[in-house]
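Since the structure of chain A is already known, use the hints to place chain B on it.
Here the protein sequences line up with chains A and B, keeping their order. Its first residue numbered 1, the first sequence is counted upward by one per residue in my numbering. Its first residue numbered 1001, the second sequence is counted upward by one per residue in my numbering.
Some clues are possibly wrong.
Straight-line alpha carbon distances no greater than 27 Å define the calculated DSS-like cross-link-like pairs of lysine-lysine that follow [said to hold, decoys possible]:
1) A/K85 / B/K1013
2) A/K184 / B/K1118
3) B/K1132 / B/K1118
One side only, chain B facing chain A, incomplete, derived with CB under 7 Å [stated by the list, open to error]:
4) L1053
5) H1055
6) Q1059
7) T1061
8) T1072
9) C1079
10) A1082
11) L1087
12) P1088
13) F1099
14) G1102
15) H1104
16) Y1169
Derived by calculation from the structure, the hints in this document are not laboratory data. We put the beta carbon where it would ideally sit given N, CA and C, even for glycine.
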Amino acid sequence: MNNSNWLIRREFWENRAIWMIPAALGGLLLLAALFTQVSIPRLTSQQQSEEAAAAFLVVVGAMFYLVMALYAAWYLLDCLYTDRKDRSILFWKSLPVSDATTVLCKLLVGMIIIPLVYFAAANVTALIAAFILSIRARASIGSSLWNGDVWWQIQVLWVYVIVTTAVWYLPVAGWLMLLSAWAKRAVILWAILPPLLLNIFERLFFGTHVVSQIIGRRLTALPQVSFHFSKYMWTNEGGVVDNASGAPVPSVWHLINPSGFFTSAETWIGAAIGIVFIVAAIQLRMRRSEI
Amino acid sequence: MAALIEARDLTKKYGAHVALDRANLKVEAGRIVGLIGPNGAGKTSALRAILGLTHYEGQLTVLGREPFRERTQLMNECCFIADVAVLPSWLRVDQAIDFVAGVHPRFRRDRATAFLAKTQITGKRRMRELSKGMKTQVHLALTMAIDAKLLVLDEPTLGLDILARRAFYDALVNDYMDETRTILITTHQVEEVENLLTDVIFIDKGRIVLDSSLEDVATRFTAVAVTAARLDAARAEKPFYERHILGKVVLYFENVDPGKLEGFGEIHTPSVSDLFVAKLSGGAA
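Chain A on its own, in the form it takes in the complex (with noise of 0.2 Å):
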């Protein structure tokens, strides 16, 4: 326990874009708060202000989200690796750390604490931007924009996508750690590739396309999976409403999905192959000392 304490340290050191890029995201998204043109029509209703505020929440949420996405994948591909290529593995090595809390730890830095700090980030980027719009606009809408319950289902939101992208993306995650445990160079040449050509063999020889089907469908359907999505949509003024009856959703709270997520064969059998990725990955880390 202690030693993971001192592993994810050990990683905010090396890597120090884990808390730079969110603060640089943040810094930008509030400069354009500062000195963009704020043209938020005047909303009325009780209704009306609480779809500005969720959309609001939403679109901060959502940008960093993609970038978290974005930089945890090339956190996982590179964590293996660089420590190999600058034979530093050595020092680390010479330690008594054992290589698989090193590599649980590289994950759970990935899967959990890289998201945790976008998530804080966005956070203090949408309260910071709400109050600075708010005093643009001086108007009501600025309250509007900030609506506490509103705030409190988007941290349910946001607690709820980390876990669900954790455990969908796990294989994904294994196979990155894999690739970067293994790989002499060019990580993202070898995590590219092998799909790549699996699909195109496959193409030739059988005329089918399964292998790009189950890829592509453990990259895009984890908001199928994991929301209420069928049965709800998005309008074009960023509310969500009932396919059925149109009427707005009441809470967050019916818009996600954890039973069906949770109880979805297609889940454990995603999260069963990132096991044995990983478990592939602390083998090939106690072998595998140097490039």
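Positioned in the frame of chain A, the structure of chain B alone reads:
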């Protein structure tokens, strides 16, 4: 007392290439052992196996443990400096001390800071800002502050200038070594370490050519500088190596009574480096 390191039929293959070929060796506690061999002889493979960094065939115990399976526990009592370049460039000196203090139960922070206080190195410096010699000092400070039974050094002074090398070995002998510790050093620069070793192990083409204490070396090996007139008579005693220098011939004998050789010329015990050359240059003349 049981040996600290004991290898029997230690074998390591990389595909078709055999890096270690049924090597047997033994290291006792309290010794400073030089593992000496030419480049590509299997030194590094042997060390990697001893440190649990690689899988191997054959039997190997280090401090009573199986290195590959029990590397984590082994590293509580054993430390190693692979070579000078391995501290990561982004690491700060104070972070390095914090980290090792955090994960190593036998690390004594005061010792590391006391050692560094004698140098020009401050805590906020990053490894990338330090010279090779300074990095070695940091690594040595970290390592010497660990109360370990076994210290393994793999080409520790590679790329260092003569001053830094001397400082490294002086610190090692004066501040670190005592009867409870054992040091295993690999190097291909024999001259540099021969004055501090108590034991030598010669390795060549994956096999152990010699494993002996220096006291035994002195009784086992004899070198005689023979004049041309007596050469044939001396050769009859079967030297295993001949070296021609400045008109003289030096003959090297193993397990031959020095009394028998006295008449042939000036007798001396070969230095480690001479013996290394003699042993590895192959068959008798």
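Does the nearest C-beta of chain A fall within a distance shorter than 7 Å of the C-beta of B/Y1169? Result: violated, 20 Å to nearest chain A Cβ.
Does B/K1132 pair with B/K1118 here, judged by a C-alpha cut-off of 27 Å? Holds, at roughly 17 Å.
Return the status of the interface hint for B/P1088: holds when the least beta-carbon distance to chain A is below 7 Å, violated otherwise. holds (4 Å)
With a cut-off of 7 Å, does the beta carbon of B/T1061 approach a beta carbon of chain A closely enough for the hint to hold? This hint is violated: B/T1061 lies away from chain A, its Cβ roughly 18 Å from the closest one there, beyond 7 Å.
Within a Cα-Cα threshold of 27 Å, do A/K85 and B/K1013 meet the stated pairing? holds (22 Å)
For the hint on B/Q1059, just tell me whether its beta-carbon gets within less than 7 Å of chain A. violated (19 Å)
The hint names B/A1082 as touching chain A; please verify it with the least Cβ-Cβ distance against 7 Å. This interface hint holds because 4 Å falls under the 7 Å limit.
Double-check B/T1072 for me: the hint is only fine if its C-beta lies closer than 7 Å to a C-beta in chain A. Since chain A brings a Cβ to about 4 Å from B/T1072, closer than 7 Å, the hint holds.
Chain A contact restraint for B/H1104 - C-beta distance below 7 Å: holds (6 Å)
Verify the interface restraint on B/C1079: the C-beta must sit less than 7 Å from at least one C-beta of chain A. holds (6 Å)
At a threshold of 7 Å, is the proposed contact between B/G1102 and chain A supported by beta-carbon distances? holds (4 Å)
Minimum Cβ distance from B/F1099 to chain A below 7 Å? holds (6 Å)
Hints 2, 6, 7 and 16 from the earlier list are contradicted by this structure; the remaining hints agree with it.
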